[in-house]
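Each chain, written out:
Number of protein chains: 2
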Amino acid sequence: MKQVEEILKRNHLSVTDSRQKIMQFFLNSKGALAHADIEKKTGENFDRVTVYRTLQSFVEKGIIHLIPTKDNSIKYALCKDDCEAGHHHDNHVHFICDECSKTICLDDVTVPQVKLPKGFTPQHAEMVVNGICGDCK
Amino acid sequence: MKQVEEILKRNHLSVTDSRQKIMQFFLNSKGALAHADIEKKTGENFDRVTVYRTLQSFVEKGIIHLIPTKDNSIKYALCKDDCEAGHHHDNHVHFICDECSKTICLDDVTVPQVKLPKGFTPQHAEMVVNGICGDCK
DNA sequence: AGTAAATTTGCAACAATGATGCGAAAATTT
DNA sequence: AAATTTTCGCATCATTGTTGCAAATTTACT
Numbered sequence: 007m008k009q010v011e012e013i014l015k016r017n018h019l020s021v022t023d024s025r026q027k028i029m030q031f032f033l034n035s036k037g038a039l040a041h042a043d044i045e046k047k048t049g050e051n052f053d054r055v056t057v058y059r060t061l062q063s064f065v066e067k068g069i070i071h072l073i074p075t076k077d078n079s080i081k082y083a084l085c086k087d088d089c090e091a092g093h094h095h096d097n098h099v100h101f102i103c104d105e106c107s108k109t110i111c112l113d114d115v116t117v118p119q120v121k122l123p124k125g126f127t128p129q130h131a132e133m134v135v136n137g138i139c140g141d142c143k
Numbered sequence: 007m008k009q010v011e012e013i014l015k016r017n018h019l020s021v022t023d024s025r026q027k028i029m030q031f032f033l034n035s036k037g038a039l040a041h042a043d044i045e046k047k048t049g050e051n052f053d054r055v056t057v058y059r060t061l062q063s064f065v066e067k068g069i070i071h072l073i074p075t076k077d078n079s080i081k082y083a084l085c086k087d088d089c090e091a092g093h094h095h096d097n098h099v100h101f102i103c104d105e106c107s108k109t110i111c112l113d114d115v116t117v118p119q120v121k122l123p124k125g126f127t128p129q130h131a132e133m134v135v136n137g138i139c140g141d142c143k
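Just so you know, the sequences run in chain order E and D.
The numbering of the first sequence is the working numbering, which starts it at 7 and goes up by one.
The numbering of the second sequence is the working numbering, which starts it at 7 and goes up by one.
Think of the hints as simulated: they come from the structure by calculation, not from any bench.
As the structure is a prediction and not an experimental result, all values here were calculated from the model.
One or more hints might be untrue.
Among chain E residues calculated to face chain D with C-beta under 8 Å, some are [claimed, not checked]:
{"hint": "1", "residue": "Phe52"}
{"hint": "2", "residue": "Val65"}
{"hint": "3", "residue": "Lys67"}
{"hint": "4", "residue": "Pro74"}
{"hint": "5", "residue": "Leu84"}
{"hint": "6", "residue": "Lys143"}
Not close to chain D: a few residues of chain E, all C-beta gaps over 10 Å, as computed [what the hints assert, rightly or not]:
{"hint": "7", "residue": "Glu12"}
{"hint": "8", "residue": "Lys15"}
{"hint": "9", "residue": "Thr48"}
{"hint": "10", "residue": "Asp53"}
{"hint": "11", "residue": "Arg59"}
{"hint": "12", "residue": "Lys121"}
{"hint": "13", "residue": "Leu122"}
{"hint": "14", "residue": "Gln129"}
{"hint": "15", "residue": "His130"}
{"hint": "16", "residue": "Asn136"}
Note that beta-carbon positions come from the ideal geometry of N, C-alpha and C, so glycine has one too.
With the sequences and hints as input, model every part of the structure.
As structure tokens, this is what we get:
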């Protein structure tokens, strides 16, 4: 059984053409993807709505996760652990390259804890680092 | 001279009606604001374009700053230091309440440094903490 | 394998968000 | 107070994301 098929089945998703191809696209690309990347760069011609719904279903099942950005663009990423073992959402730091604007999951860098002022109860923390990635130096 | 007028002049911006009122709205509200908040909750009836351009000019001058969010909504915030002393962009942590979804600048909590893998050169880091704020407990 | 049930797709239509050009209006400079 | 610069607001357009629904596909069942 193909890898993509396995991932979909494991996550109780019907194995459809678009889902398989989009999942494959995630597996092939190193960094995070935006909706537009998938629409344009897959080579395929999915309906916009299909792409949205596919991404939604992946997020719901925890296969991909969202990455916050300042510029109002949603990025989705498939984490190493997610696609291999399931729902390992220890939250890691994300890196966005100012040069090539690639977005990368630093799976091994965990978001540090911070001391909040009185009254605030933390639940979840996200951290995004901008800078220059290895490929651009 | 009024406070808002002073802030605008100090930042080399013409003192116009909309800018004054939007700035005042920022000063009055505790948390961060989205474009929609300003359009709807000011009571005023600014043109959508005017609001966009006003916010843009504020961002350019460093009077307000953007806060990254996962859900593709841009939030703008006026920091204590910014409006008093100028461009104090030491980066602080942001807090988003899961209950009331208010977004707050934790001016006194600085984003901690993290050790990145080889090859990555950090330039700037952002951190957003989700949880419950003091008002919602 | 073949059929029924459930899910997904793609189209149309719509809503929200953001950008640009340009003449009119307002603010600043002199 | 006139000239210059900047900003406003309207029209228009592009992009992004959502929803409803019929047709197509996938899955489950015998």
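Hint check results:
1. Taking 8 Å as the C-beta contact cut-off toward chain D, the hint placing Phe52/E at the interface is violated, the least distance being around 20 Å.
2. The restraint placing Val65/E at the interface with chain D is violated, with a minimum CB-CB distance near 10 Å, outside the 8 Å limit.
3. Given hint, Lys67/E at the interface with chain D, is violated; its Cβ is 17 Å from that chain's nearest Cβ, farther than 8 Å.
4. Annotation: interface hint on Pro74/E holds; nearest CB of chain D at approximately 4 Å, less than 8 Å.
5. Because the closest C-beta pair between Leu84/E and chain D is about 16 Å apart, greater than 8 Å, the hint is violated.
6. Interface restraint check: Lys143/E against chain D, minimum CB-CB distance 7 Å, threshold 8 Å, status holds.
7. At the 10 Å boundary, the C-beta of Glu12/E stays outside the reach of chain D, the nearest C-beta of that chain being 28 Å off.
8. Separation of Lys15/E from chain D is adequate, the least Cβ-Cβ distance of about 28 Å exceeding the 10 Å criterion.
9. Listed as outside the interface, Thr48/E is consistent with that label: its C-beta sits roughly 21 Å from the nearest C-beta of chain D, beyond the 10 Å cut-off.
10. Against the 10 Å criterion, Asp53/E stays outside the reach of chain D, whose nearest CB is about 20 Å from its own CB.
11. At roughly 16 Å from the closest C-beta of chain D, the C-beta of Arg59/E stays outside 10 Å, upholding its exclusion from the interface.
12. Residue-level check failed: Lys121/E sits 7 Å from the nearest beta carbon of chain D, not beyond 10 Å.
13. The beta carbon of Leu122/E is not kept farther than 10 Å from every beta carbon of chain D, the shortest such distance being approximately 6 Å.
14. Not every CB of chain D lies more than 10 Å from the CB of Gln129/E, the least distance being 4 Å, so the non-interface label is violated.
15. A beta-carbon of chain D comes within 10 Å of the beta-carbon of His130/E; the shortest separation is about 5 Å.
16. Asn136/E, annotated as away from the interface, has a beta carbon of chain D within 10 Å; the closest lies near 5 Å.
When each numbered hint is compared with the structure, violations occur for hints 1, 2, 3, 5, 12, 13, 14, 15, 16.
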